[in-house]
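Quick mapping for you: the protein sequence lines, in order, are chains L and R. Here the first sequence stands for residues 1 to 263, where the numbers follow UniProt numbering. Here the second sequence stands for residues 1 to 263, where the numbers follow UniProt numbering.
The hints are simulated quantities; they were obtained by calculation from the structure and are not laboratory data. For glycine and all other residues, C-beta sits at the position ideal for the given N, C-alpha and C. Just so you know, not all the hints are guaranteed correct.
What the hints assert, rightly or not - Output of the computed footprint for chain R on chain L, the stretches with three or more beta carbons under 8 Å from beta carbons of chain R: (1) 8-14; (2) 47-54.
What the hints assert, rightly or not - Label-pair distances were calculated between CB atoms; the ranges are: (3) L/R83 x R/R94: 19 to 27 Å; (4) R/E53 x L/R83: 20 to 28 Å; (5) R/G210 x L/E233: 52 to 60 Å.
As the list claims (entries may be wrong) - A short, non-exhaustive set of chain R residues, derived as facing chain L with CB atoms under 8 Å: (6) V10; (7) E19; (8) R25; (9) S79; (10) L159; (11) G161; (12) L163; (13) V199.
There are 2 protein chains.
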Amino acid sequence: MANSPSGESVTERIVRVLETFDADRTVQTATEISRRAGLPSSTGHRMVADLLECGLLERDEDQRVRLGMRLWELALRGSHALRLRQAALPLMERVQARLREHTQLAVLENDETLFVERLSHPHAGANITRIAGRLPLHASSSGLVLLAHGPEELRERILAGPLDAVAPGTETDPARLRRDLARIRREGVVVAPGSVESVSTGVAVPIREGRGPVIAALSVVLPRDAPTGLAVEELRAAAARISATMGTHRPQAPGGHRDTRAS
Amino acid sequence: MANSPSGESVTERIVRVLETFDADRTVQTATEISRRAGLPSSTGHRMVADLLECGLLERDEDQRVRLGMRLWELALRGSHALRLRQAALPLMERVQARLREHTQLAVLENDETLFVERLSHPHAGANITRIAGRLPLHASSSGLVLLAHGPEELRERILAGPLDAVAPGTETDPARLRRDLARIRREGVVVAPGSVESVSTGVAVPIREGRGPVIAALSVVLPRDAPTGLAVEELRAAAARISATMGTHRPQAPGGHRDTRAS
């Protein structure tokens, strides 16, 4: 609908505008946005004006442009990610209080690992992930859990490569990765030393919708040579409780529509 | 740009589609979305197809439509709300651990109180707020903080009414509300019994950008007749630390653009 001469829809161009913002670039001018989105200046400025009008973008006190609180609200209030995150957060806090290390929640999104929540401990070590940040599926303990339990078609596609190394410890050999994934499905846990950062070991377990499909991964990032036994135990206990919550029907508000996905 | 015959932009129509989702309605059919967005069926179906294509919407396993993880990612990863929330969360956890009551973070958004984070305690009492939920500015302790410290033009507009009661304890008299707001600015804290729910008392304090303007409110919800001294003390200590964090320049990633708003 309302396609440009290039055949691109207005929606696609809006996404390109929103994509120019990230954790290191939260404020921009309309000119910068146009350039980074690859849009002609007049088109870019008109789109920014339009998005400001709707509140999806907003101006800061210096008249520069940032993502609007309205966008945040629209994205979250009806989001199934919010339900997962709400179910997981109290248990993540418990894991973090016991282990005092970075604790993370990730989902599969468009063939990558998307981190939807992260609790950081001030005394914990290095960790490059951040909320709404991504990593390749084969290069983090969370991603390996999601890949091991994901659709076979996805697994074959990823195994077909290319499998780039994020760190020296990233498994990039398809045959070995295939064996790793089979073991992860059997054992229900990943311990991945140095797969994202040389100095760290990721430990991750699957979260299910009740007893159903795997919908997320819960992980902690430990120093490379730390013992992993307690982390595995804590993560398994937390994941079991989050899975149970996600398997129950959501509470109904008056007039609300039942979410019948959970079984 | 690309306006419909009604003069409405495609962006406005996208917002209307996204607005049909909320906490009680996380999955819908394209027909339901069209009807609730007030769009002709063919237009609605085309827009849903377009939004699915871009990942802003996605299909669940029953082929119904829900908000896309991509929307969530775009809204969060470059959001200044995320920075506030990241600064506030560790302190909110501390407040919650000590008080064992609902702990909330709210900002001013389009003349209303928007709750951007909430930690709930399993044994805490009633609380109708939720993440990405809204309340009128005059009807919660958080809103009163934001209104007291907000622009004078906004305050006069809200005082001009109408001031609807959310609960029997909501202050709806403009003269008394004006005096309350002046006192809140002097004392730096709100204790609002029954302003949202008869059984609860909200306690809120302002969060500043360093020593600069008020950017958020931190609050707890106590049982109506509970003592408030410890809550005020904990909230003030937490808010001071969050304000200090928000007043510092954000850490720079290589090649990142400095956020010069903080001073």
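Hints, verified against the model:
Against chain R, the stretch 8-14 of chain L contributes 5 residues with a C-beta closer than 8 Å to a partner C-beta. That satisfies the three-residue criterion, and the hint holds. Remark: the stretch 47-54 of chain L is confirmed as covered by chain R, as 5 of its residues place a Cβ nearer than 8 Å to a Cβ of that chain, reaching the required three. A hinted range of 19 to 27 Å holds for the C-beta pair L/R83 and R/R94, which are about 25 Å apart. A C-beta distance of roughly 25 Å is found between R/E53 and L/R83, which places it inside the suggested range of 20 to 28 Å.
Checking the proposed 52 to 60 Å range against R/G210 and L/E233 shows it is violated: the Cβ atoms sit about 42 Å from each other. At about 4 Å, the closest approach between the beta carbon of R/V10 and any beta carbon in chain L falls short of 8 Å, and the interface hint on this residue holds. Against a cut-off of 8 Å between C-beta atoms, the interface hint on R/E19 holds, since the closest Cβ of chain L lies about 7 Å away. Contact between R/R25 and chain L, as hinted, is supported at the beta carbon level, the nearest pair being about 5 Å apart and thus within 8 Å.
With 8 Å as the threshold, the beta carbon of R/S79 comes within range of chain L, its nearest partner Cβ sitting at about 5 Å, so the hint holds. At a threshold of 8 Å, the smallest CB-CB gap from R/L159 to chain L is about 23 Å, leaving the interface hint violated. A hinted interface residue such as R/G161 counts as satisfied when its beta carbon comes closer than 8 Å to some beta carbon of chain L; here the least separation is about 24 Å, so the hint is violated. Because the smallest distance between the Cβ of R/L163 and any Cβ of chain L comes to about 23 Å, over 8 Å, the interface hint for this residue is violated.
A cut of 8 Å between beta carbons decides the hint on R/V199: the least distance to chain L is about 19 Å, and the hint is violated.
When the structure is compared with the earlier hints, violations turn up for hints 5, 10, 11, 12 and 13 and for no others.
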